[in-house]
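Peer 1: Sequence:
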Amino acid sequence: MSDSGGNAGDDDVGLPKATVFKLIQEMLPEDIGCSKEAKDIIVECCVEWVKLISTQSNTVCDESSKKTISPEHVVEALKQLGFEDFISEVEESNKDFKQSQKERTRTQPDTNGMSQEELLALQERLFASSQARFEAGQ
1 MSDSGGNAGD DDVGLPKATV FKLIQEMLPE DIGCSKEAKD IIVECCVEWV
51 KLISTQSNTV CDESSKKTIS PEHVVEALKQ LGFEDFISEV EESNKDFKQS
101 QKERTRTQPD TNGMSQEELL ALQERLFASS QARFEAGQ
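In this text, residue positions in the sequence shown follow the UniProt record's numbering: the first is 1, and each later residue adds one.
Any given hint could turn out to be false.
Stated by the list, open to error - Capping the alpha-carbon separation at 16 Å, the derived lysine to aspartate or glutamate pairs in EDC-like fashion look like this:
1. Lys-98 <-> Glu-118
2. Lys-17 <-> Asp-31
3. Lys-95 <-> Glu-117
4. Lys-79 <-> Glu-91
5. Lys-51 <-> Glu-37
6. Lys-17 <-> Asp-62
Stated by the list, open to error - Label pairs and their computed distance ranges (CB to CB):
7. Lys-39 <-> Glu-63: 32 to 38 Å
8. Cys-34 <-> Phe-83: 23 to 29 Å
9. Leu-119 <-> Cys-34: 46 to 52 Å
10. Glu-26 <-> Glu-103: 22 to 28 Å
11. Thr-19 <-> Glu-117: 36 to 42 Å
12. Glu-37 <-> Gly-137: 53 to 59 Å
13. Thr-55 <-> Pro-29: 31 to 37 Å
14. Glu-37 <-> Glu-118: 22 to 28 Å
15. Gly-82 <-> Glu-118: 40 to 46 Å
16. Leu-119 <-> Pro-16: 21 to 27 Å
17. Gly-14 <-> Ile-87: 22 to 28 Å
18. Pro-29 <-> Ser-129: 24 to 30 Å
19. Ala-128 <-> Asp-31: 45 to 51 Å
20. Phe-83 <-> Arg-133: 47 to 53 Å
It is worth saying that the hints were derived from the structure and are not from the lab. Note that beta-carbon positions come from the ideal geometry of N, C-alpha and C, so glycine has one too.
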């Protein structure tokens with residue numbers, strides 16, 4: 001995306017190849033293979049896609065005088081770039097993510113009203129007890 005035409009700056013941007021390769025294999029029929037070169041090109045395309053969407057999302061964010069890109073900025077970027085077909089799936093994924101975050105906060109460990117210091121002291125006592133049992137068994 002730079003005017004230099006090289007890959008300067010691309011070193012700090014990437015996607016985990018193993019994950020992308022796995023997704024490619026999952027999407028292909030079992031009797032179809034994909035060469036490493038083709039997979040590498042797909043990874044490069046994915047990186048460019050992320051750059052395109054994030055750049056446009058950042059522009060939308062700046063235009064709304066915000067400092068953090070929100071899901072709404074991403075949706076607007078998709079609209080502006082002509083990718084309306086993706087919006088419903090993005091919104092559904094965002095809804096699922098928010099729901100999982102709510103469930104995650106509900107399943108935080110119960111501290112039984114103990115302070116952080118009390119929990120740490122209890123943990124240290126449990127470790128000491130475990131170590132004593134281990135040493136006694138040797």
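Peer 1: Does each hint hold? Answer for all of them.
Peer 2: Tested hints:
no. : hint                           : result
1   : Lys-98 <-> Glu-118             : violated (32 Å)
2   : Lys-17 <-> Asp-31              : violated (22 Å)
3   : Lys-95 <-> Glu-117             : violated (36 Å)
4   : Lys-79 <-> Glu-91              : holds (13 Å)
5   : Lys-51 <-> Glu-37              : violated (21 Å)
6   : Lys-17 <-> Asp-62              : violated (31 Å)
7   : Lys-39 <-> Glu-63: 32 to 38 Å  : holds (36 Å)
8   : Cys-34 <-> Phe-83: 23 to 29 Å  : holds (24 Å)
9   : Leu-119 <-> Cys-34: 46 to 52 Å : holds (50 Å)
10  : Glu-26 <-> Glu-103: 22 to 28 Å : holds (25 Å)
11  : Thr-19 <-> Glu-117: 36 to 42 Å : holds (40 Å)
12  : Glu-37 <-> Gly-137: 53 to 59 Å : holds (56 Å)
13  : Thr-55 <-> Pro-29: 31 to 37 Å  : holds (34 Å)
14  : Glu-37 <-> Glu-118: 22 to 28 Å : violated (58 Å)
15  : Gly-82 <-> Glu-118: 40 to 46 Å : violated (57 Å)
16  : Leu-119 <-> Pro-16: 21 to 27 Å : violated (35 Å)
17  : Gly-14 <-> Ile-87: 22 to 28 Å  : holds (26 Å)
18  : Pro-29 <-> Ser-129: 24 to 30 Å : violated (56 Å)
19  : Ala-128 <-> Asp-31: 45 to 51 Å : violated (59 Å)
20  : Phe-83 <-> Arg-133: 47 to 53 Å : violated (60 Å)
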